[in-house]
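Asks: Fit chain B to the known structure of chain A by using the hints.
Heads up: the protein sequence lines correspond to chains A and B, in order. Each residue of the first sequence is one higher than the one before, counting from 1 in UniProt numbering. Each residue of the second sequence is one higher than the one before, counting from 1 in UniProt numbering.
Any copy, or any two copies together, can satisfy a pair, since identical chains are not distinguished.
No more than 20 Å apart at the CA atoms, straight line, and that leaves these computed lysine to any residue pairs for SDA-like:
| id | residue 1 | residue 2 |
| --- | --- | --- |
| 1 | Lys234 | Arg13 |
| 2 | Lys234 | Ser151 |
| 3 | Lys234 | Thr14 |
| 4 | Lys192 | Asp59 |
| 5 | Lys234 | Gly27 |
| 6 | Lys192 | Leu249 |
| 7 | Lys234 | Thr29 |
Worth flagging that the hints you see were computed from the coordinates, not collected in a lab. Treat the numbers as computed from the prediction; the structure is a model and nothing was measured.
Number of protein chains: 2
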Amino acid sequence: MEHERPGEFDLIRTYFAPLASDPGSLGLTDDASVYHPRPGYELVLTKDMLAANVHFFSDDPPEAIAAKALRVNLSDLAAKGAVPRAYLLGLGLSDDWTAQWLERFACGLSGDQAAFDVTLVGGDTIRSGSGLQISITAIGEVPDGTAVRRSGGAAGHVLYVSGTLGDAAAGLKERLDPGFLNNLGLTDDDQKHLLHRYLLPQPRVALTGSIRSFASASMDISDGIFADARHLAKASGVDLEIEIGALPLSPALRKIQGADKDLAMVCLGGGDDYEILCLVPSDATEAFEASAADASIAVSRVGTAVAGEGAVRLLQDGQPLGVGQLHGFRHF
Amino acid sequence: MEHERPGEFDLIRTYFAPLASDPGSLGLTDDASVYHPRPGYELVLTKDMLAANVHFFSDDPPEAIAAKALRVNLSDLAAKGAVPRAYLLGLGLSDDWTAQWLERFACGLSGDQAAFDVTLVGGDTIRSGSGLQISITAIGEVPDGTAVRRSGGAAGHVLYVSGTLGDAAAGLKERLDPGFLNNLGLTDDDQKHLLHRYLLPQPRVALTGSIRSFASASMDISDGIFADARHLAKASGVDLEIEIGALPLSPALRKIQGADKDLAMVCLGGGDDYEILCLVPSDATEAFEASAADASIAVSRVGTAVAGEGAVRLLQDGQPLGVGQLHGFRHF
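Next comes chain A alone, as it looks inside the complex (with noise of 0.2 Å):
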């Protein structure tokens, strides 16, 4: 970690390096961290930056600031079937950062990391002159061979997303618009539901062996699921018919749908929902929801991939919808 101005090398020992707790992360008091690969493994690679006021509101909890900027990397190598193990976190610090803040940034990090045990081996602290940004790269594994891409799919088979979509995109919305979700009648509970997924996605991780071992084809959902099934048929190869029925709505986004039900479709292709899209062969669905089963973790038939070239269709009670509706909004 260099370039810190006096003081902020005492910080960073102070909240950084605790987290630290792998040997080959030196303490965070070297110039670079040594990482031993497993025998037999490859590693998984993947890097989110957040910025303030884009990825995340400025006043928002500085815990879940770091966890969110943490999982949304976890949830990358969850959708590759890579275990998480160790992240780099670069900080780009506003000029008002405080001590405190910096505190508690460190204690969301502390938190996730014993939640998914993932360690910290290095980073970089800026003061960037301007907004807070986060840049995580973060490293998991797989046994060799066996990560999970988006191009493994096929003709036939069927696509899956885990939990429920477009509850972060309303939880963003009344972050935005505050009391559009009082005047749609949704009640307290389904508010905080709505504004916690988008304040902190669930990276899947639990599902992790279950991708792994049953999916041909996966990603996360992070741009809306129609931006980024158009994405997976594309690497794949395959168009993908998705039956609008059958995406999974929290209670409260159904109350969306039941008060206005092109809303509810600007939220379903918000994007933000960290939950998993993936394809996985007929002849294991069966195999597949049962891992995912045992894992805790809701998984949802939402359609299947037939032969093309990457188009998305849109299909309500199996009748077409317009190709208008295919476009993932990443903000209001």
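Replies: Below, chain B without anything else, positioned relative to chain A:
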């Protein structure tokens, strides 16, 4: 690579996908990349962040910004004796980015990939809504157990630095205070040399083998020789005695020294050198020097480790200098 607005996907594909020549990078079209560690090697991981107008100027040539961001990371790897293999690139684009800027930035990376035999394996691009920020995670490899840390030095070991010191700090001062070098009577060529040394660090990748074979402790100099010597001394649990007259100066810096001795000291402590600072056991100095000469990298003996607890003493013709001169000055 996620969260790009429409159009950015295409730019990434156009400019960055060609840099991802390793099949494990999956052409940057997946959530993550796959990295196959070589059996018998451990990985060295480092991450440096750079922000516009903190670590470079926004109007620097994009090729140079890209190269600097990569090179400061390669410098960390070289200091550990690690051969660079791969890197992940995080790019927080400012609002005024253009396709032409991005093309030139990618071109800078491409040139350095060829020069240093390293390849892009993943990353993320976001719009940061503020100044450009770059976060690179670099991966190097060393045979198991041979990474050189800061902590291996012992009393009696000889202190070396590579190249020349203080040039980049003088170049930075010229950028901030144009005409200052002219006022000191430096020629155009001298000025170009110093400005170039700030703009484009020269990571001592060629010295990697010599460091791994002969150095007991090593780091790169980014915060200035005096500050970084303290880091090395502390990590190795020794005191370091540095002979000021032995510090290697370029002809340009020697002219600054002739005009203003104190200013030369400030430049020496200014940082951004990206030279190697290492300790070599006295029975290995001859072999280390021969190995560095084979690699065509100049190295200079600048001091000695003695029993102690992390102090740095500057000597002038064997006489101690005052403690007030020991502080590195990150910026003017």
